[in-house]
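Mind docking these for me? Both chains are given alone in their own frames, and the hints should help you get the complex.
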Amino acid sequence: MEVNSAIIYGFASIILMIGYYSALRANDLIRVLISLELMFNAIFLALIPLFAVNPVVAFGILIVTILASSTEFMTLIIAIMSMDRIRKSVRVEEVKAGGEQYVEPKSNT
Amino acid sequence: MVGAYLGALITLGTIAVITAIGISASKDNLYAAIYLAITTGLVGAIYGLFGITYGFVLIYLVFVGATITITIVLAATYRRIEYRGGVSKSWVVPMLLFIVAVITASLWTEYRVSPLTTQSLTGFASMNNLLLMVLLSSLLMAIMLGLIMYYHEVNKQWK
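Heads up: the protein sequence lines correspond to chains A and B, in order.
Take 1 as the starting number for the first sequence in the numbering used here and just add one per residue.
Take 1001 as the starting number for the second sequence in the numbering used here and just add one per residue.
Hints should not be assumed to be uniformly reliable.
Just so you have them, the derived chain A footprint on chain B, three or more residues with Cβ under 8 Å [claimed, not checked]: (1) 1024-1032; (2) 1043-1055.
Straight-line alpha carbon distances no greater than 35 Å define the calculated DSBU-like cross-link-like pairs of lysine-lysine that follow [stated by the list, open to error]: (3) A:Lys-88 to B:Lys-1156; (4) B:Lys-1027 to A:Lys-88; (5) B:Lys-1027 to B:Lys-1156; (6) B:Lys-1089 to A:Lys-88; (7) B:Lys-1089 to B:Lys-1027.
Honestly, the hints are just simulated from the structure, not real lab data.
Quick reminder that beta carbons are idealized off the backbone N, C-alpha and C, glycines included.
Chain B with its partners taken away, still in its complex shape (with noise of 0.2 Å):
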């Protein structure tokens, strides 16, 4: 008998996993980027489930509000049916044998993962974590204006 706790945490990650096929097998990048952002979602969720609060609230805002938004304008922009190249089908076994590697190895460790509670994260918010977080945000920050501008330039240039 499969516990709710362990059945939802399959069921989130089935979807996940169905959700990032369809990334690869939609021929729109459109809806590639859809899928895109419900598989990120349904890792949120999976933190979310893990009691891991700011990790699911990080992943929402920053990744599914931003990143993967500006991804889905993208690819709205420049949407199109797109036709298979690349490597051929083969390339399949090797990432089977990856997969079947990594869940045996796992299996082998008898690692278990417990939920967390929100009090075990509150040690993150000492003054030199925070002195971290600031200048990573502002790092982010000079490198937007950097790309601004490169984006800018070249836009001069091939007018």
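Just chain A, same shape as in the assembly (with noise of 0.2 Å):
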């Protein structure tokens, strides 16, 4: 009934780099909340080895994982909906430090 945590923790890795690649890929602000959710579930899946050693710790990090990233997700969709408010667009481009305007790159064609 024992399981090598390499598994575990090779799902959980490869989760967290499509993760990665899908928020660095993207050029809306919706999939880089979805990207970043999936990194949150790679989190939940490199936790479980830490449930074989103490698991009321392990408990602990989870309920404070869970609710922060609830809280973290519930402030970005606000944020996204009041950029869109705003700026009329979820675009990756129009998140600009200082709230300066986003300028279309000049065309040579």
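As structure tokens, then:
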């Protein structure tokens, strides 16, 4: 009934990297949000081996992670909706520090 | 010969990875969100497989039931065919190296995980831990209220 932790860590790292890749390749904020949620799935998976060492501590960390991630996603969802209200767009390029205007790159054609 | 238990873990994990690839591959945000729900459900199922019942219930109730449902609704609202941008595809190489490094390192440790019994988590139901949960939930509510007020403010300003 025992399983090598390498299998769980392997699946967790694959899902984490797919999340990173998806976030890096995304060009709209909804896709970035979905990628972040996928990364949290990898975190949940990586937490499983800790349950075998100290279940109570692992469960505490799981609760804090779930509540923190839920709050973070709600904040991001409100931020995306507010940004859409103000900029009329949810594109990644619209996010600029200091709120400066996004200027479309000039095309050579 | 792969045991039934190990086989179930590998099957759940493989389908979770395939649906995670579906998130990255699909062009429509709605389908990406649905793939995400399936991946999270499968991660919750792995918790169930290891006997972590409370973790399974929490992931399904809070994460799949609330957060991801809202994400699906949001993705359905901002549904669009996405065109690819961002970094180049060459970023796959360091990512593959990371996966190989993690698997190699954890193989060397030969650390083994066995399923839990529900009794091992009953120690969590002490007064201090319940107080921690109540405090965290209250913090969550306070942040939600703040967010709703913020959105109302933005809405009023840009009407």
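Hints, one by one, checked against the model:
Counting residues of the stretch 1024-1032 of chain B whose beta carbon lies closer than 8 Å to any beta carbon of chain A gives 3, which meets the minimum of three for the stated coverage. With a cut-off of 8 Å between beta carbons, the stretch 1043-1055 of chain B has 7 residues touching chain A; three or more are needed, and the interface restraint holds. Of the supplied pair hints, the one linking A:Lys-88 and B:Lys-1156 holds, its CA atoms being roughly 15 Å apart against a limit of 35 Å. Restraint check: the Cα-Cα separation between B:Lys-1027 and A:Lys-88 comes to about 21 Å, which is no more than 35 Å; the hinted pair holds.
About 34 Å separates the Cα atoms of B:Lys-1027 and B:Lys-1156, which keeps this hinted pair within 35 Å; it holds. For the given pair, B:Lys-1089 sits about 29 Å from A:Lys-88 by alpha-carbon distance, which is consistent with the 35 Å threshold. Taken as a hint, the B:Lys-1089 and B:Lys-1027 pair is honoured in the structure, with Cα atoms around 16 Å apart against an allowance of 35 Å.
Violated hints for the displayed structure: none, as all numbered hints are satisfied.
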